[in-house]
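First to last, the sequence lines map onto chains A and B.
Residues 1 to 396 (full-length UniProt numbering) make up the first sequence, in order.
Residues 1 to 532 (full-length UniProt numbering) make up the second sequence, in order.
If you're looking for bench data, these hints aren't it; they were derived computationally from the structure.
Every value quoted in this text rests on a predicted model; they were computed, and no experiment measured them.
Heads up, some of the hints might be wrong.
Stated by the list, open to error - Restricting the straight-line Cα-Cα distance to at most 20 Å, the calculated cross-link-like pairs of lysine to any residue (SDA-like) are:
id, chain 1, residue 1, chain 2, residue 2
1, A, Lys370, B, Asp111
2, A, Lys374, B, Lys201
3, A, Lys154, B, Pro190
4, A, Lys374, B, Leu204
5, B, Lys82, A, Cys379
6, A, Lys255, B, Thr99
7, B, Lys212, A, Ser380
8, A, Lys370, B, Ile114
9, A, Lys154, B, Pro139
10, B, Lys201, A, Lys154
11, B, Lys210, A, Val381
12, B, Lys212, A, Val381
As the list claims (entries may be wrong) - Partner residues are not named here, just some residues of chain B that face chain A (Cβ under 7 Å, in silico):
id, residue
13, Asn45
14, Gly76
15, Ala173
Just so you know, even glycine gets a beta-carbon here, dropped at the ideal spot from N, CA and C.
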Amino acid sequence: MLTQMLWIVICLSSCQLVSGVIRNELWWNIGLRRENESILSSYTSINADQQYEIDDDPSPYCQSTLKSLTTGQKQICLLHADHMPVVIQGASKGIEECQHQFQDRHWNCSTVRDGSVFGPVLYHANRETAFAHAMLSAGVTYAVSRACKQGLLKSCSCSRSARPKNLPRDWTWGGCGDNIDYGYRFGRDFVDTPEKEIDNMRILTPITFINSNQTGIDRKKRKPLRRGRIRRQMNIHNNEVGRRAVYRLTRVVCKCHGVSGSCSLRTCYQQLPTFREIGAFLKEKYDSAVEVRYQRRLGQLRSRDRRFAGPTKDDLIYFEDSNFCEYNRRIGSFGTKNRKCNRTSHGPDGCATMCCGRGYNTIRKYVQEKCNCKFIWCCSVQCQTCQKLVEIHVCK
Amino acid sequence: MVYLVLLEQLTRRKLLSFLICLIFFQIIYFLVGGLIATKPTYATNHEFSLCQARLNRPWIYHQPEGNCIQDHLEFGTGKSWKDFVYVMQLPRITRWFQTLTSIVIPKVDYDSRINLSSNAILTYHVRLAYKTDEMYDDPNSEWQLLVESRESRRIQCEPVYYHKIGNKNVPDAYSCESFAFLELSTLKYPYYLINLQIVDKNGLSQNIGKLKTFEFVGIYQTETFTKMWYILKSITFPIVLVALLWFYRQMKRAEKPYSNLDKLLFLLGLATCILNAPVEWFTLIVPFDGFQIYSEIRQGFFLTVLLTFWLFFAAEHVVDKSKDGTFWSYGKYIGLLWFASSVLLIFALCQRGFQLWNPFHSIWSTSAGRNASFTFLILAGLSGFIYMICLIVLVAHVFWNIRSKQGELAAMRRIRRLMYQGAFYRFQFLLLSTILCAVLTIVWYCLSQIYETEWVWDADQRPKIHYTGAFITGIYGMLNLYVFAVLILFSPVITNVDDMDELTLTDDDGNTIHLTNNQTSAYQMITKAAIS
């Protein structure tokens with residue numbers, strides 16, 4: 001029995017990894033298509049005719065073009081086809097920002113091209129996964145809010161239909177709703193949907209087989225289910241952290257505009273942060289992420305360290321520690337071999353830290369570089385080409 | 001005949017019930033603004049999209065069936081500012097929104113290759129277009145130009161650092177100050193479109209940094225508030241009008257010649273009626289460009305008359321004036337007051353007047369205009385300050401007199417004592433109520449300022465009372481009730497014939513003087529009596 005199970009384990013995990021095909025692609029994949037397909041550009045930069053096509057019948061667009069969406073997300077897509085290019089933009093922005101924030105860390109948020117976006121690292125409930133979830137979720141919320149502000153979305157901006165009854169009194173109807181609130185709600189619906197779909201087991205399967213030591217059939221069956229549920233709970237929590245980051249960093253600015261500019265009348269408005277700011281904020285959250293365990297009695301995730309009260313809604317949570325020093329395909333670590341490092345720095349990009357003590361090689365070479373550039377804004381640039389000797393340090 | 005005001009004739013009980021009524025109405029005004037209405041103003045923020053300029057398309061827009069091809073500012077594309085248009089389309093606007101005030105915040109990214117000077121001047125060419133509802137539904141209609149202008153604004157930005165890493169001296173972005181952009185005093189059309197292009201000819205718009213886009217913050221009056229406000233005005237207007245007519249009738253009945261104070265009281269009632277007259281309803285049918293000017297003028301007029309009234313009232317009650325020249329001793333202060341308000345009037349006319357022709361114009365954007373408006377405001381502020389000091393001195397003077405006279409009261413004759421007591425009573429009553437009004441205004445103002453800044457995210461945590469709305473309606477109600485009460489309580493009444501004998505003033509020499517001396521008012525008689 002045990003050997004049989006083990007065989008299945010090996011097959012399941014290795015089959016997937018070797019072939020590089022995972023049954024369900026992760027929806028984050030839509031954010032990666034930017035380079036090879038031009039969905040994004042077709043929407044945002046090509047004229048209205050194409051945009052109109054999507055509106056006419058969104059089903060081919062949602063079913064085949066965006067095939068990495070889950071069933072629930074496809075339904076959202078059918079309802080709000082005009083939101084999808086924005087979501088794609090948000091997802092790719094999230095990935096981009098993740099790579100910017102982690103450029104000098106052991107895990108540098110590198111993507112793979114097999115549909116799983118960040119590779120097997122996502123099977124593990126570690127800090128990096130938590131951060132990636134928060135970042136993608138923040139990306140979607142941010143992009144939708146911003147598109148709202150630009151007036152690109154039909155359902156969020158200003159409508160000519162009758163004022164809904166449940167609308168808060170402050171909302172001017174005929175004017176617009178609250179952009180960030182809309183982005184938050186849409187982001188929650190869209191990003192959390194995969195975690196709430198029952199048949200969605202793609203991330204859970206490997207984690208259970210690899211990490212649990214099975215001794216009985218009953219436990220085997222129940223445990224994966226429960227672990228799956230806990231894992232989903234963690235994802236939902238981290239997604240929420242990302243969305244809340246957008247909320248939290250939104251500033252309220254007030255403007256006086258009474259008679260002769262006096263402050264007898266004052267109106268406040270929200271100002272969205274830059275996405276870089278959100279990335280920096282979530283990076284801080286990554287550094288202070290809380291390790292949690294499942295408390296069956298409460299049915300909640302609580303902080304593993306009993307000295308601290310459970311994670312707040314703004315803390316990223318994770319279960320497993322991670323190490324990305326060495327190459328390890330199973331946990332999705334590419335290792336830091338051949339990564340560039342900075343010889344003089346003492347920070348995380350310094351060679352001592354980056355190379356995990358393995359030392360580094362120094363390569364000297366001549367490169368062609370643009371130099372003596374004259375920049376005229378906007379948008380012309382005149383440069384000369386010169387040859388330059390550069391010294392690169394690369395981890396062993 | 002002697003004239004007393006109603007205030008002195010009322011029994012304590014009647015007066016109390018009258019005051020309770022007023023307080024009751026005051027609370028209603030407050031609650032109307034706080035509970036029924038919403039925030040008085042509402043800000044929507046939008047972002048300009050950066051689109052490609054197209055030769056054969058005069059307008060670039062998003063809806064309906066937009067023709068904007070989004071673009072990015074990058075080096076090496078060989079483009080120039082002429083190839084880009086910043087596009088912003090306002091959501092549908094109804095006339096209930098009244099006015100649109102807007103500011104624009106430049107969004108500047110950090111790029112080591114692009115200079116951002118600390119006092120860079122951005123010059124842009126901006127066009128405003130409109131569409132009506134029919135045009136919006138008709139796919140063949142083109143946007144119509146409403147106004148176009150070339151403007152210059154100063155860009156002031158501060159670098160922002162998101163993480164504090166020691167050796168990193170590179171800012172992550174810039175945070176820029178907003179500048180005045182567009183002010184529409186009437187919203188005639190439901191759809192507005194703005195196309196903006198940066199002008200860099202002849203070395204304009206240099207060192208403006210990597211200006212990605214602009215954030216547009218439009219401030220409107222909320223629809224609910226406008227409706228509530230109109231209804232409130234329509235109800236208040238007849239009430240104060242009735243009080244004014246009553247005052248007029250009382251004057252006529254008493255056959256009393258108008259003293260200065262009576263005239264001023266009448267003027268105050270008139271100013272309030274002008275302020276209340278709900279002519280706003282017409283703007284819904286026929287939008288009138290100068291309405292905002294009118295609205296500011298009537299507000300200013302009302303406040304000026306009210307302030308004049310206070311000064312006059314206090315001055316009239318300085319019982320022992322050494323000089324007989326009743327008016328000119330404090331007339332210069334009143335002159336100062338009217339000077340201050342006319343300065344403010346000129347300022348408002350300049351600001352709004354220019355905007356009638358060019359809504360993109362801002363008096364603050366040029367240095368000459370800024371200096372002039374600062375001069376205006378400083379002058380007005382200075383005059384206001386002198387006025388306040390003068391008023392406080394006068395009030396203190398009156399109080400001093402009252403205190404010194406209080407001791408002498410017992411020794412006076414009955415009639416004269418009554419006169420004095422009447423004057424003191426009137427004065428103290430008005431002073432108390434004025435102080436109460438001032439305190440309420442300040443408290444409400446503070447409340448509204450505090451609560452507005454707090455941002456409440458969750459829908460269920462929204463405050464039950466909107467303090468800003470309550471502040472505006474509350475103040476409005478208070479001023480109206482104040483004027484109403486003053487008109488009613490200070491209207492003259494004829495005393496009974498029985499009392500008349502007692503109220504005939506006997507001179508120290510034994511001669512009786514009737515207070516119906518052609519030229520002197522009761523107050524002046526008191527003055528004379530006091531001097532003698």
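Do the hints match the structure? See the list:
1. A:Lys370 / B:Asp111: Since the Cα atoms of Lys370 (chain A) and Asp111 (chain B) sit roughly 17 Å apart, the hinted pair holds (cutoff 20 Å).
2. A:Lys374 / B:Lys201: The given pair, whose Cα atoms are some 19 Å apart, holds under the 20 Å limit.
3. A:Lys154 / B:Pro190: Holds - the C-alpha atoms of Pro190 (chain B) and Lys154 (chain A) are around 17 Å apart, at most 20 Å.
4. A:Lys374 / B:Leu204: holds (18 Å)
5. B:Lys82 / A:Cys379: Holds - the C-alpha atoms of Cys379 (chain A) and Lys82 (chain B) are around 11 Å apart, at most 20 Å.
6. A:Lys255 / B:Thr99: holds (16 Å)
7. B:Lys212 / A:Ser380: holds (16 Å)
8. A:Lys370 / B:Ile114: holds (17 Å)
9. A:Lys154 / B:Pro139: holds (17 Å)
10. B:Lys201 / A:Lys154: violated (38 Å)
11. B:Lys210 / A:Val381: holds (14 Å)
12. B:Lys212 / A:Val381: At roughly 18 Å apart (the allowed maximum being 20 Å), Val381 (chain A) and Lys212 (chain B) satisfy the hint.
13. Asn45: holds (5 Å)
14. Gly76: Holds - the Cβ of Gly76 (chain B) comes within 7 Å of chain A, reaching about 5 Å at its closest.
15. Ala173: With a minimum Cβ separation of about 5 Å from chain A (threshold 7 Å), the hint on Ala173 (chain B) holds.
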